[in-house]
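Visitor: Residue numbers (the numbering used here), protein chains in the order written: chain A, 193 to 426; chain B, 19 to 315.
Among the hints, a few may not be true.
What the hints assert, rightly or not - Covered stretches of chain A, as calculated for chain B (at least 3 residues, CB under 8 Å):
#, segment
1, 266-272
2, 283-296
What the hints assert, rightly or not - Some but not every residue of chain B turned toward chain A, in silico, with C-beta under 7 Å:
#, residue
3, Thr189
4, Gly192
5, Lys193
6, Leu206
No wet-lab data here; the hints were simulated from the structure.
Beta carbons are placed, not taken as given, at the ideal position from N, Cα and C, and that holds for glycine.
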Amino acid sequence: MLEVNQLSVTYGDLRAVWDASFRVNAGELVAIVGSNGAGKTTTLRAIHGLIPAAGGEIVFDGRRLTGEPSYRRVKEGIALVPEGRRVFPAMSVLENLEIAAFASGARGDLRARLDEVFELFPVMAERRAQHGGTLSGGEQQMLAIARALMARPRLLMLDEPSLGLAPIVVERLYETIGRLREQGLTMLLVEQYVYGALDLADRAYVLETGRITRAGGGRELLRDDYVRKTYLVV
Amino acid sequence: MSVQTLLELVLGGISLGGIYALMSLALSLALATTNMLNVAHGAFLVMGAALSTFLLRHTRLPWPAGLALFIGFCALVGWLFERVCVRPLLGRAPDRALVGSILITFGFALTFEAALGYYWAKFVDPQPTFSLPVAMPPFALFGVSLSGTRLAILAFVGVAVLLFHLFLTRTPMGKMARALAQDYDGALVLGINPQAVSAAIFTLGILATALSGLFFILASPLGPHDGLRLTLIAMTVIVIGGVGSLPGVLAGGVLLGLGDVFTAFLVGAVWSPVTYVLVFFVVLLLRPEGLAGIRHT
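Chain B on its own, in the form it takes in the complex (with noise of 0.2 Å):
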């Protein structure tokens, strides 16, 4: 394997593994401050990648028009589902939350899988497929080019990534957030209005992981039934990093970015899942508390 060959395979893992763990953040996040395990969750990297196709490349809107429109959209889906899905469930015993939440919105991502294969390949396209084609020139960093599609990947990760930090250590909604995950119940003897929070974090959530469907699909297709897969990669992204753990979730993302890409370089894309479990495997029998855990006693 060359020099360039690795730091190519490096790259791509780093920025998908970014991507992953975006997803995974904004999902452990709804998790940790309500109680809600949102299946659905990766098909809203789906619908960010289904929209961003269907606006960029069967509209003739112009790109920052199109941009505009997709922000605004998903934010509205976003804030939607949290009345429709969430906001019932809200408040419940924690239990009892959690089971809720995950039949409701694994109802939700299938009636939502199954519609868009549909109406897709009915209205735009027999062959739902979501990419954005975009070509990007290389860079060249020491004599070896890097991929400037990878490269702007890496750059929307590290923004998103940064302001998301910012809203929850500088903003009092983020720090409400936190409040919440860290107590629950303290927080709510202080005033702290649960519904607001969860409407905050799950409209910002579902926004950032579309706009990462809009980043995906730069690099690689999607096609409309990889919402659940995706699902299951921030799953183990979040048991892998520890729930609520910024770093946490950074490391488990790359980790199971680069494993996916030297496994498919290596023995092949079918065994990519394989890999997930492996790494899955290893850090619960090294660190059952995941990589950045606090060790219950």
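Extracted from the complex, chain A is given alone in its bound form (with noise of 0.2 Å):
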């Protein structure tokens, strides 16, 4: 469904991304994993074009998207969770819901979508008038998620959803990410928190300064050698 070909991003003159190659196939849940600026924030931000890639491309469905503005991503069918949640802290949940339905044009199906959401997070519906800003870390979190859904996207794109949350918290966030993989949605999982990503994936990829370094199944990936040492306490 994605395939990302010897993708390079840089900053000036440095470069966050070296030939990154990768690729998530309809159905699957991949994950990338890595440390505090291996470039994994950098990559989804390239692949939903909030920063220009320097070299490669970006294959959806068959289609280059490299060089379109991040807003057709979206009607494109590609979702992105950013990093740090970024609700709209002064709109109720229900507005930073709506937007999120006019934005990827689907004003006529405002409610059977809201319904879905709720459905999936019925806290958000007990929540629906109260402030963005006024919610828990978790909250948010499932709001930045939700807020994603409503775009009823092909392939969501997390970025670090566990940041800052607590243990607990971070456990039932990483259910629904099992149950929405369940109902069959393709996703892409970026995380520090290499032991949940690697346990939940089918597959996935070790990003190190700008490089993939490692590729494999999510539990291989959990008994190589390296990888232990590197990113698990054992």
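With the hints as a guide, bring the two chains together.
Guide: Here it is as structure tokens:
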């Protein structure tokens, strides 16, 4: 479904991603793990068109996306839950969700999509009148995911969803991601929380200082000596 | 000071302040959603004043036709202004967008003022002043008479602010504009097209500002070179009120309007700018986040 070929991204003279190639097949949950500064967020932002790629190509469903503006990506079917959640603090939960529907051109279908999202996240239905800024971190993350789902994406990209959340909240969040996978949603998950991501992922890539250094099945990488030594406390 | 004088001054201050608030609202909305500071904003109020003077006093058009022409022309200018002066900078890094927009719009304002002054003097009137002396009957309330013109201005401001508020809270475009203002990146990843929002915000904002120019000159005349002074007032109001806050901007505008009118009455109009700076200074001293701004810790 998504194919990234030799993607390079630079910030001025600094090269953040070097010739990264990977793919996500339909129905898969693929994880990209790595430490802080490895280029994970940069990779996702480049796929979503928020920053230009310096080289390589991004192909989605057989179409080259390189060079198109970010807002088109959503209509193509790619949604991004950005790092740090980025909910609108001074707007209600409902407005946060409505805007996502308007932006993806789904105004007429608002009711049906709200129902879908509320079924998946009953807490959001309870908190619909509350401002985004007053939600807890975990609830904000759920809102961010719910908001991305309003566009009914074919590919959902999640950028560090576990960041800054308590372990118990992360566990619940991963349960939700697992449920989305059962529903057949294709996902690309980027994480520093290596154990959780590898445990859940069908396939995974390890990104180190802008280069992909390892690839394999999620559980398989979890047993890999190098990965265990570098990213997991044994 | 008699009650009559006091009420007249208060009404004058509030109606003038309302115009300041409306103009500042449009400016702050553009600033919050696009990161562009439009220094030419006051010039569009002057444009409204000049165009309405021209259409209603120097042509024989019946006023409804003049008004329709006015609205169409100002909306078109707003849309073109966004296309030519704003669009090329959209999506740049925030500091570059800000600095770039100040340079471009400052250049636009200077060109506009010079051209308007020169051609107005050449083709319309050698003494360029824009005014619409429409006599409106006074309105009596509890034994004091209130200026009909001032009340008309106040009514216009009330309706315009209400429409702005409804636009921002009820329409998809308004909601998307607020989303961009609250979190630009968060809005982009949802698929909001910043160019469409920018076009709508600038077109509406410039139209509202030009209309306030029409109402402004019902009470006091303007000249071709008043634009930058008005921009400065709008910026002061935004800083006093807090960026992106409707109640803050209203309070800030009325505060400056009252200060303006009372200073002019008590010590003379030349001292009005001193009041702005004084109000500015006191507010920043007591509430550096602005009257309705959020305190960042």
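Visitor: All hints are to be evaluated individually against the structure, with a verdict given for each.
Guide: How the hints compare with the structure:
1. A stretch counts as covered by a chain when three or more of its residues have a beta carbon under 8 Å from one of that chain; for the segment 266-272 of chain A and chain B the count is 4, and the coverage holds.
2. Evaluation of the coverage hint for the segment 283-296 of chain A: fulfilled, as 8 residues show C-beta separations to chain B shorter than 8 Å, against a requirement of three.
3. For B/Thr189, the shortest C-beta to C-beta distance to chain A is roughly 9 Å, which exceeds 7 Å, and the interface hint is violated.
4. Taken as an interface hint, B/Gly192 does not check out: its beta carbon lies about 10 Å from the nearest beta carbon of chain A, beyond 7 Å.
5. The criterion of a C-beta within 7 Å of any C-beta in chain A is met by B/Lys193, whose closest approach is roughly 5 Å, and the hint holds.
6. Of the supplied interface hints, the one on B/Leu206 holds, with its beta-carbon coming within about 5 Å of a beta-carbon of chain A, less than 7 Å.
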